[in-house]
Amino acid sequence: MNKVVIRQNGFIDKSLNIPIELKWDFTGVDDALDEFENKVVNDVIGRGYDFEVTRFGHAPDTGSTMSTELNYEFYFYSAGSTSTISNWGNNYISDGFTPQEIYYYENNFANSFFKLDLYDTLDEKRQKNYITIILPTQQGLKMSAYMQTQLVEIKKPKFILDYIGDKEGFFIYWLKSRKFLDITTFYMTAKFFNAKTGKFSKMMTGRLPCDQSGLPVALRDTTNPSQGCFSGDVTNFDNAKHFYYTVQLDYNTQTYQILNNNGQRLGTTIPIKWFEYVNP
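Position one of the sequence shown corresponds to residue 19 (our numbering), numbered consecutively onward.
Capping the alpha-carbon separation at 20 Å, the derived lysine to aspartate or glutamate pairs in DMTMM-like fashion look like this:
(1) 220 with 141
(2) 133 with 91
(3) 133 with 180
(4) 194 with 268
(5) 146 with 200
(6) 217 with 119
(7) 209 with 256
(8) 176 with 113
(9) 185 with 135
(10) 220 with 91
(11) 259 with 142
(12) 217 with 113
(13) 217 with 124
(14) 133 with 186
(15) 160 with 171
(16) 209 with 138
(17) 160 with 186
(18) 209 with 141
(19) 194 with 138
(20) 160 with 180
(21) 176 with 135
(22) 220 with 138
(23) 220 with 142
(24) 160 with 113
(25) 160 with 119
(26) 160 with 124
(27) 160 with 184
(28) 176 with 119
(29) 259 with 138
(30) 214 with 124
(31) 197 with 70
(32) 209 with 91
(33) 209 with 113
(34) 133 with 113
Computed beta-carbon distance windows for the label pairs:
(35) 129 with 82: 40 to 50 Å
(36) 297 with 80: 33 to 43 Å
(37) 62 with 185: 38 to 48 Å
(38) 63 with 147: 20 to 30 Å
(39) 128 with 55: 44 to 54 Å
(40) 79 with 59: 40 to 50 Å
Calculated from the structure, these hints are not laboratory results. Using N, Cα and C, we set each Cβ at its ideal position, and we do this for glycine too.
Go ahead and model the full structure; you've got the sequences and the hints to work with.
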């Protein structure tokens, strides 16, 4: 310690410089720690993105009714010639269920469901499944069937979905922000899980083939309500054409539309038809 003596010398003001050591090593340390913490968190888990989802409803029909209904029909192959229309049934009985199992919602029926998968591309080697929609068998319209000698009403695989009534599977939930993934077009496939057999059945956009002889013939409209079939070489057909429908999202109106391969809108006046795939 230095000893300092100040002597009075008249009335002249005097000053004294006292050396005091100051160290600034820890100044701003808290701010540096916060910055370092943020850097480590970003390095470990990456940057934060907005994954909030929004709800897309089915776009209204452009006709006079402006209906928002979404119509699905699923057909199962029972037996016999694939070219015979009557061998394709819009019912669960054709897939092995009994009227009693359907009527009483037994576990093997109640646990069955349709699975709609939406992919980002038609290329099966690169595609990613971003959205899955489940249609439970408890939904859908009804049909008449005999349970032993009694005529009862049972469910059938024809769905009319809307904002009210049967609405599970009506909405598509997708990212609200387009900064992370800017995808507005998806490609939809369908499968049916039969809890009675424990197996999935792949569905197609049309049955095969079209003609009564079972041979491939000239191309027919796959959306024709009375046919719903396709033609061509049944042993070498294009998967992208016969296993997918196109789903287009509209961010401005928060709605979506479903189209066939020709760009024709389906699901409104023309139902979206799916047929059980039968290996030719």
